[in-house]
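Got chain A sorted already, so can you dock chain B onto it with the hints?
Quick mapping for you: the protein sequence lines, in order, are chains A and B. Under my numbering, think of the first position of the first sequence as 32, with each following residue one higher. Under my numbering, think of the first position of the second sequence as 32, with each following residue one higher.
Any given hint could turn out to be false.
Since copy identity is lost for identical chains, a pair holds within one copy or between any two.
List of simulated lysine-lysine pairs, BS3-like, C-alpha gap at most 30 Å [claimed, not checked]:
#1 Lys116 x Lys357
#2 Lys329 x Lys139
#3 Lys139 x Lys357
#4 Lys305 x Lys357
#5 Lys276 x Lys326
#6 Lys70 x Lys35
#7 Lys289 x Lys305
#8 Lys53 x Lys276
#9 Lys326 x Lys289
#10 Lys357 x Lys326
If you're looking for bench data, these hints aren't it; they were derived computationally from the structure. All of these numbers come straight from a predicted model, not from anything done at the bench.
Number of protein chains: 2
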Amino acid sequence: MSIKIGIMGYGNLGRGIECAIKQNADLELVAVFSRRDPKTVKILTEGVGVYHVDEVLNFKDKIDVLVLCGGSATDLPAQTPEYAKYFNVVDSFDTHAKIPEHFENVNKTAKENGHVAVISSGWDPGMFSLNRLYAGAVLPNGTSYTFWGKGVSQGHSDAIRRIDGVKDARQYTIPIDSALEAVRSGSDPELSTREKHERECFVVVENGADKQRIENEIKTMPNYFADYNTTVHFISQEELDRDHKGIPHGGFVIHSGKTGWNQENTHIIEYSLKLDSNPEFTSSVIAAVARAAHKMHKDGLTGCKTMFDIAPSYLSPLTPEDLRAKLL
Amino acid sequence: MSIKIGIMGYGNLGRGIECAIKQNADLELVAVFSRRDPKTVKILTEGVGVYHVDEVLNFKDKIDVLVLCGGSATDLPAQTPEYAKYFNVVDSFDTHAKIPEHFENVNKTAKENGHVAVISSGWDPGMFSLNRLYAGAVLPNGTSYTFWGKGVSQGHSDAIRRIDGVKDARQYTIPIDSALEAVRSGSDPELSTREKHERECFVVVENGADKQRIENEIKTMPNYFADYNTTVHFISQEELDRDHKGIPHGGFVIHSGKTGWNQENTHIIEYSLKLDSNPEFTSSVIAAVARAAHKMHKDGLTGCKTMFDIAPSYLSPLTPEDLRAKLL
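Chain A on its own, in the form it takes in the complex (with noise of 0.2 Å):
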């Protein structure tokens, strides 16, 4: 018996999801849901319907787990309380700051209504998460350092484009080797936001704008680039659509830790990631997320969790018989 996948917003990562679950043999698409007309929302899966999220809870019997793939900003706020009162639901609601508080509100209602709802799905937070927390609970007398890139920064795009006589951009966020060897060597060094990343940026330009002024408007934009070295290039549309297309991302948590009596010995674990296509990898994430949700509400249990309360056999397809003869 598959697990019946519903999938509500199809954008990026509802897409990947789609791809995702066409990987995995055990997980099946049963719908799409859109808040678009579905009749314009054309999914690669044949043979799956696309319907209006106005008619989600006639699948409430028909789907095990519904993904949600709203922005944090203003739909999974609303959304994932809502639907843990119909459905097992995963998120990956990203606004770090606001995680305990989205905890609260999604637990009650999944409490309330017997099912599993696992927020903030994803690789940060989600696999980064999970790493700073083993290598922390590991080498306790240690430091954990998160690196993000070389990779696409939607935010940091979007916040250029806004500025006057910006026509397009992609901004790439790249860790600073010399950071990087720093935290290797064990050194536990102490960096600055500008020592640990730099900030790249392709921009298209309207015809006549002045680029000095954008130039400078992009450099000094507080929060966003004001704190980094940033490098700014012009380049022409052709250009930016054929070089700047994808979506990479990636990143590291490197975590130097003291052991021995005395703290004589030092030892270093690194996790990268290296990413083609950061939605899809976190759909791949989130549907490995699905399968666990399922398997947990199965065992009995409900409530809000996140990537560290699932036991990782929960994300595998196998048994756990399997699972000690070939991968422990």
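Just chain B now, with coordinates in the frame of chain A:
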């Protein structure tokens, strides 16, 4: 209330557990048990007693978790099922092929007596196993590669020491850079044993021993060396003691996988360890697992577990609320 730990066996691993307990404020060392005459065993922690193994049942109500530091060949197959009758236990059983059998034996007595028994804790099996599981669950259309080293293999060092004319030896397992790079490229290479690792041996011989014969015996030794490119260096005992005293180790779990409707995107997940002291890092993992065993037991769980069955939050001393606020 701290978690009360007993250590069974006081070699490199037992001493490592003792050091790890010192770093964890919520763990407390209660007693060390040895097969040797307790008067001859000197431990590091002031005020903690050393007892003969025959006395361990007197501590049935004074110990929350008993950590078993014996060897996988003969100690643990007998000890873990036996002590799981009386205690929550943790071991680092690492004979991969015999894990399913060990699991069944331990599960029986642990379940019958209402205890939690975690087997095969450490880094391989252990942290490396977890990374193989997570990566395979997230990117099922992919391949996991495990590399070990650079590090000392005790088994291979012992094998050299058994050769006639050899006084002492130290063997390093070294992953081959070109193999690592091929895997990181995402090309999913087929790699032979010889292509993945090489072996470097530092050997001290007796006066007048035939070095040519010894080198030949090492390089042609079945299973241990014959399938690898092996380098042999003859050095003095002084050099061995001066330059090769440590027990460093480490390695890499690298998983490359494809996503996308037509598998058009490649992702690389890499987990690596660089360890000054193999037994101290293993011990540090075990200490975190001992905490988890106690917390799982308090939550009503029983039976044999591996790290696959431990929800990550159990390993950390932080509360679920703190974990979500600080690490997610």
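Practice item. Compare the structure with the hints numbered earlier in the document and write down the numbers of the violated ones, lowest to highest. Key: 5
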